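Student: Chain by chain, the residues:
Number of protein chains: 10
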Amino acid sequence: MNKELMTARILEAKNAKGLTWEAMAQSIGMSPVFTTSACFGSNSLTEDKALAVCEMLELDREVADALQACPYKSWDWTVPQDPLIYRFYEVTGVYGDTLKALIHEKFGDGIMSAIDFEMAVDKEENPAGDRVVVTMSGKFLPYKKW
Amino acid sequence: MNKELMTARILEAKNAKGLTWEAMAQSIGMSPVFTTSACFGSNSLTEDKALAVCEMLELDREVADALQACPYKSWDWTVPQDPLIYRFYEVTGVYGDTLKALIHEKFGDGIMSAIDFEMAVDKEENPAGDRVVVTMSGKFLPYKKW
Amino acid sequence: MNKELMTARILEAKNAKGLTWEAMAQSIGMSPVFTTSACFGSNSLTEDKALAVCEMLELDREVADALQACPYKSWDWTVPQDPLIYRFYEVTGVYGDTLKALIHEKFGDGIMSAIDFEMAVDKEENPAGDRVVVTMSGKFLPYKKW
Amino acid sequence: MNKELMTARILEAKNAKGLTWEAMAQSIGMSPVFTTSACFGSNSLTEDKALAVCEMLELDREVADALQACPYKSWDWTVPQDPLIYRFYEVTGVYGDTLKALIHEKFGDGIMSAIDFEMAVDKEENPAGDRVVVTMSGKFLPYKKW
Amino acid sequence: MNKELMTARILEAKNAKGLTWEAMAQSIGMSPVFTTSACFGSNSLTEDKALAVCEMLELDREVADALQACPYKSWDWTVPQDPLIYRFYEVTGVYGDTLKALIHEKFGDGIMSAIDFEMAVDKEENPAGDRVVVTMSGKFLPYKKW
Amino acid sequence: MNKELMTARILEAKNAKGLTWEAMAQSIGMSPVFTTSACFGSNSLTEDKALAVCEMLELDREVADALQACPYKSWDWTVPQDPLIYRFYEVTGVYGDTLKALIHEKFGDGIMSAIDFEMAVDKEENPAGDRVVVTMSGKFLPYKKW
Amino acid sequence: MNKELMTARILEAKNAKGLTWEAMAQSIGMSPVFTTSACFGSNSLTEDKALAVCEMLELDREVADALQACPYKSWDWTVPQDPLIYRFYEVTGVYGDTLKALIHEKFGDGIMSAIDFEMAVDKEENPAGDRVVVTMSGKFLPYKKW
Amino acid sequence: MNKELMTARILEAKNAKGLTWEAMAQSIGMSPVFTTSACFGSNSLTEDKALAVCEMLELDREVADALQACPYKSWDWTVPQDPLIYRFYEVTGVYGDTLKALIHEKFGDGIMSAIDFEMAVDKEENPAGDRVVVTMSGKFLPYKKW
Amino acid sequence: MNKELMTARILEAKNAKGLTWEAMAQSIGMSPVFTTSACFGSNSLTEDKALAVCEMLELDREVADALQACPYKSWDWTVPQDPLIYRFYEVTGVYGDTLKALIHEKFGDGIMSAIDFEMAVDKEENPAGDRVVVTMSGKFLPYKKW
Amino acid sequence: MNKELMTARILEAKNAKGLTWEAMAQSIGMSPVFTTSACFGSNSLTEDKALAVCEMLELDREVADALQACPYKSWDWTVPQDPLIYRFYEVTGVYGDTLKALIHEKFGDGIMSAIDFEMAVDKEENPAGDRVVVTMSGKFLPYKKW
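Residue numbers (this note's numbering), protein chains in the order written: chain A, 320 to 465; chain L, 320 to 465; chain R, 320 to 465; chain Y, 320 to 465; chain B, 320 to 465; chain S, 320 to 465; chain P, 320 to 465; chain D, 320 to 465; chain G, 320 to 465; chain F, 320 to 465.
Treat the hints loosely; a few may be bogus.
[Stated by the list, open to error] Partial pick of chain F residues on the chain A-facing surface, computed with a CB cut under 7 Å:
id, residue
1, L330
2, K333
3, S350
4, S363
5, D367
6, E377
7, C389
8, W394
9, W396
10, H423
11, D428
12, I430
13, I434
14, F436
15, W465
[Unchecked claim] BS3-like, lysine-lysine: derived pairs with alpha carbons at most 30 Å apart:
id, chain 1, residue 1, chain 2, residue 2
16, D, K464, P, K333
17, R, K333, Y, K464
18, P, K322, S, K463
19, Y, K463, B, K463
20, D, K425, G, K464
21, A, K425, F, K464
22, F, K368, A, K425
23, B, K333, P, K336
24, Y, K368, R, K425
25, G, K425, D, K463
26, S, K336, P, K463
27, B, K322, Y, K336
28, B, K464, Y, K425
29, P, K425, G, K336
30, R, K333, L, K322
31, B, K322, R, K336
32, R, K464, Y, K336
33, L, K463, R, K368
34, S, K333, P, K425
35, S, K368, P, K322
36, D, K368, G, K368
37, Y, K442, B, K368
38, G, K333, F, K322
39, F, K464, A, K464
40, S, K464, P, K425
No wet-lab data here; the hints were simulated from the structure.
Bear in mind that the values here come from a model prediction, so they are computed numbers and not experimental data.
All C-beta atoms in this analysis are idealised placements derived from N, C-alpha and C, irrespective of residue type, glycine included.
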C-alpha cells in the first residue's frame, strides 16, 4: 500500500466517523500538524502511533505499515496555485531577506532546521476578525566551519 | 531615490553606527520584522516612522520619502536558493496540504491573509540547541459567497 | 466524490435539462459567476445552496456534499493557452503597473482582495459590436503596519 | 528617447508638481487607466494628448514623441510576484473556466478583446471596508468561420 | 463526448473512407484549414456544417454535437517540438520585431486579430522544389484610446 | 560594431530622414520584410545591398559591415508577451496540428523551410475593417530516407 | 494503431527473434539510424520498406501502416536527463558557437538541414578504449535573400 | 582578463588580419573545432598553443594566459534559439532514443564521452547542394559496475 | 517487463523476506549503492548478478532480464523536492564553484566521471550525532585537446 | 564591499602570489573545501581566519570584513551547465532514490544535513587513470515527531 492509497483510506474513514484532525491528534497524543501531515503522507509515524490511528479509524495493518514508511515528499506546483498555500509562498518571497537578516542577527551564520522542526496552527479570536496564528519552531543549525 | 538605493544607504549607516535591527525597531516603536522589511524595501512606513528611522541613522529626507513609497515586491528566484530561505519554501511545500486542512477545519473555507499579517522571529534557548521560533498571525479571510 | 466527478455530473445533468448557468444561478438566488465557479469546483456552496443545485438538477446527496467541500484551486497552464482566458492574463501583464499605481493612489498601500471578492460578466449591446463587461469588486486590504 | 526614460521623466515631473493620475487624466480628457498606462509606456497617445501631457508637466517635445510611439509591451515575471498584481493573476486562474463558460453562454464562440478594450478602477465606499471596483469592457470578437 | 474522442472518431472514419481534408472541406463548403481545425477540436462548426461532416463520414449525432461545442484550445509544449510546427515558432521569434514594425507602419498602433482570422495552405509548384504557401488574413484591431 | 548598435544607428537615421521600411526596401530592390529584418539584425545583406542601405541613410562603412555579418538570432521571451507578436504564437499553437495535417496531405512527410523562406505583410482594405495579410512561402523539404 | 503501440510491437518481436537494429537495417536495405528511428516512431518508411520490416518480424499490416504514417516528433525532457542523450545536448551547448562560426566560414549565412539529413553511428576500435563515431550529414541551406 | 574579453580581443585581431579559423588552426597544428572553441572560451589551450595563437594575432601575454585558463562552460538559452544551433538540439531530441539504442547495441551499457571527445566540420561538395558533415568521436565509457 | 514493474516486484519480495539492501548487496558480492540503484532501475547488472538477485528473492527470469537491460535514466523534478535528495542538489549549487576550482587545481582541465564512478554511503557514529558519510570516486577525465 | 568584489580581490592576489587553495587552507588551518568556498563567498569565516587570509594575501580590512559576513548563497543555473558541475547534478538525479533508500535503511527517517556538513576533494592515483574522490560528511538529522 502506497502513501496515496493510505491517505484515501484514512480520509474516507475519518469522514465516515466524523472525526476532526484535532481530535485524532489528541487521541494519539501528538500535535495536530504532525498527525495531519503523517496522514497526508508527508511524515512517518512510529509503530505505536500508527497503530493508534488505525485503531481509532478501524483500519487494518496495511495502513499502519504505510504510516510508518519514510515518505517521498513532493508537491504539485513549483509555485503553489491554491490561494491558501500561495500566501505562505508569498510570505517566503516578500519576507525572505528579512527572515535571513533577523535570524543571522540573533543566531549568527546558519539556518532554521525544517527537519528538527515543529509547527502549530491556532485560532485567535478577535472582534476585528479572527486570526490564523502559525507558529514554527526549528532548531538553529550553525554552519559547520571545518 | 528608488528602494534599492534606499536600502543601500540604510545598511551603510546601520553598519557604521553598529545598530541592530532589533534596536532600530524598538527605537521607532515597531516590530523588528516590519521595520527590517521596510528597510529592505518590502513594506512602506508612515511618515513619522520613516522620519524616525532617518533621524536615528542621520539620513536625509530622500530616504524618508523612499521609505514611505508603496513598494513593488519581488524576489529573485522562483525557487529560492539560499538555504535559510529555501527551508521556508520547503515547509510550504511539505506542509501545504496540512495547513490547508487545519485552517479549513478551524475556520471554514477561506485563507490566512498575507496583508493583514504580522510575523515575529524569536530565539528560544534550549540546551539541545537554541530554536528559531517564527510566529505568523494573519487575519482569516472567508471566501465571499455572492 | 471529488470535485472533478462532481463537475462532470453537473454538466451532464445541466445539458440534459437544457439549463443555462444564468438560470441555475437565479434559481438558487446567487450570482452567475459564483454559481458557475462552484459547479466547476473552484468555490464551495453552503448546504442549502448545494441542495438547491442538486434538486434542480435531480442529483443526489453526494454531489451536494462535494459542492460544500473546500476546493483545492488550481489551473493547468502557468501561462493560460485558451485565447479567451489568455486575454485576461495579457490584461494583467499589460495593465499590472497601472492597476498598482491607481489603486495605491486611491487607497494607499494595500491590495484588492481576491477572497472577499465578487465578479460579474455582462453583455452590453452596442451597434459597433456587443461588448463583454467584466466587473470585479474586491475589498481593499491595507497592509498592516505592526 | 525610449519609453523607459520617458516614464522616468514623467514620474519625476508628476511628483515634483504633486499631481495625481486622476487629475492628469481629467486634464487631458482621457480615462485614468489609459492615461496612466500610456505614461508607463504600455499604450500610445495621439499627438494632441501627448502634447497636452507634456504641457501640463512642462516636459519637452522628446517626451511627447515617445508617448506617441507604438509600445513594445512586456512584463517582468511570467507569474507576477507583487501581491497586488498577483491577485489579478489568481483571479484569472481561479475563474478562467467560469469566465469562458459564461462568455460562451452569453455570446457564443469567441473572446473578449483586450485591444478594443477599456478599464476603470473605482473606489466604492463601504462601512465594512472600502472596495476596489475594476470594470473591464472589451468588444466581443466571434471566431470567424471561413 | 469530448473533443478528443470526437477527433479520434473522425480520423478513424476519414481513414476508412480514404477522404482527404481538402475533399471534406470542399464537400461542406468551408475552407480546408478551418474544417481541419474544427475536426481536431480547435474550432467549432455551426449545426449545418457539423451535420454535413457527420453525414459524409457516417457518424452519429453525438459527434455533430461535439463539433459545435466551444473548444478549450491548448497545445502540449510551450516551445513546440515537432519540426514542422517548430519552424512556425521560429518564424515568430526571428521575424516578430519585423512583423511588429511593418504592421505598425502600415496600420498604426494595433494588432492582427487571431480570432477574426483565416488561413490557407497552398502548394506552389516550382522546379527548384515545390513551396508551401501559408496565407494568414486577420482583421486589424486598433488599440482603443479611451 | 555589433548588430544591436547597428540597429540603433539605422533607426536613428531612418527617423531623422522620415523614411519608411517600405521605401527603404523599394530603394534597395528587396522586399520590405527582408530589409526590415536585416536592419533589426535578424538577417544579413549582401555587400551591395548593405552599401545601398548605408548610402540612403548616410551611415558609414562600419554599419555596412555589420549588415553583412551572419546574425545570431534570438528573442527575449520563450512565450512572446507583446500582443501583436503573441497572436502569431497563438496561431502556431492553435493551428499547429492543422498545418501539420494539411502540409503532410499535400506534400508528404517533410516540413516548410524557415530558411529558404520569404514572407510579405500586406494591407487589404475592407469596409468591415482593413485586414493584415501575411503570406509565408517556404520550400517544402521532404525528410531524407536514407 | 498509433506509433507508440507500433514501437512496442516491434520491440517485442525484435527481442523474440533476437535481431539487432543493424541486421534489420541491412535486411531492408536502409541505414541503421534511419531504420531504428522509424521503428521508434520518429521517422516514416515508404510502403515497401514498411512491409519488409513487418515480414521480417512477422507483424501484420497494421504495423506496416503505422510505419508509413508521418510522425509527430517529440521528446520528454526539455533538457534530456539520460546521461547518454545529455552528452549530445552538452556538445550542442558547449560547441554551438563554434559550429556556427565554422559553418558560416565554410558555407556563408545558412544552416545545416536536420531534414535533408542523415546520420551514422560507428564503432572505432582503439587500444586506449573504443570510440563512438557519430557522423551527421545535412544539406547546407543558405538563407534566401528576397 | 576573463574569457569574454579574451574572445573579443581575438575576434578583433582575427578580423583585422583577415584570418580564418581554419588557417589559425592549421598554423598552430590543432583542429579547427578545438581551436575555435578555445578562442570562444569553451576550451583551454596548452601554453605553447596559446602563445602560438597570440603570436599569430600579435596579442599580448594576458590573452595567452586567458587561453590557458580552465573555462566555465555555459550557454545562453536552455533551448537554443539560433536556427543553426537549434537544428543540433532538434537532432538530439528526434534521434536521442535511436542514438541510445544503437550505442548500447554496439558497445553495451555506457555512453559516448563528451570530454575525451573530438569533432570536425567538413564541406562535402554535392551537385544537389553542398552538405555539412559533422563528425563526432568520443571515447566509449562503460558504466562501472562496482 | 519494464524497469518500473521490475522495481515493484523486487521491493515486494524484499519486504516479504525482510531483507536489507546491505544484505542483498553483500550476498551478490557487489556494493550496496550499485545494487540498490540497479534494483531501482538506474543501472544494469551482468547476467550472473541479475540471476543471483532473483534467486535470493525467488523472482523469475523476466525480472533477471529486466535487471540486465540498459536503463533509461531520468528523475521526476528538475529541482528535487524530497528534502533528503534536495540537500545533495543544494550542495552541488553551493559548492559547485569550489569543486570546480579544487579539481582543476589538483588535476588540470577536465571533470570527474559520473560513469566510471562509484559511491558509498556509510554511518559514522558520533556522540554529537551520527554522521552520514557519502564517498564518491570517479575517474578524472582530462579534456582531449585535438 | 560585497562578496563578489571580495572574491575578485582574493583571486587577483592569489594569482599574483602563485598560491594554491590547498596552501592557503593549510596556512590558516582549515580545510581546502571550506577555505575555497569562503573565498568564493559561499561561506563565512571567523574573524581570526578572515584576518589570516588577508595577511597571507596582503589584503586590507575590508576584505576581512566581507569574509566574515553571512553569505547569500545562490547559483546561476537551475540545471548547471558546466560539465564538471553538471556531473554532480547528474549523480544526484540518477542516485537520488538510492541515497534515500540507503540513508533511511541505516539511519531511519531523516536527512543528511547540508549545514552541519563537511566535504573533501582528494586525488587517488591509479594506473588506470587517477580518480577524484569526494567525501561528504553531514550530520544525520532525524525528523522530529512532535
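Student: So which of those numbered hints doesn't the model satisfy?
Tutor: 1, 2, 5, 6, 8, 9, 23, 27, 29, 30, 34, 35, 36, 37 and 38
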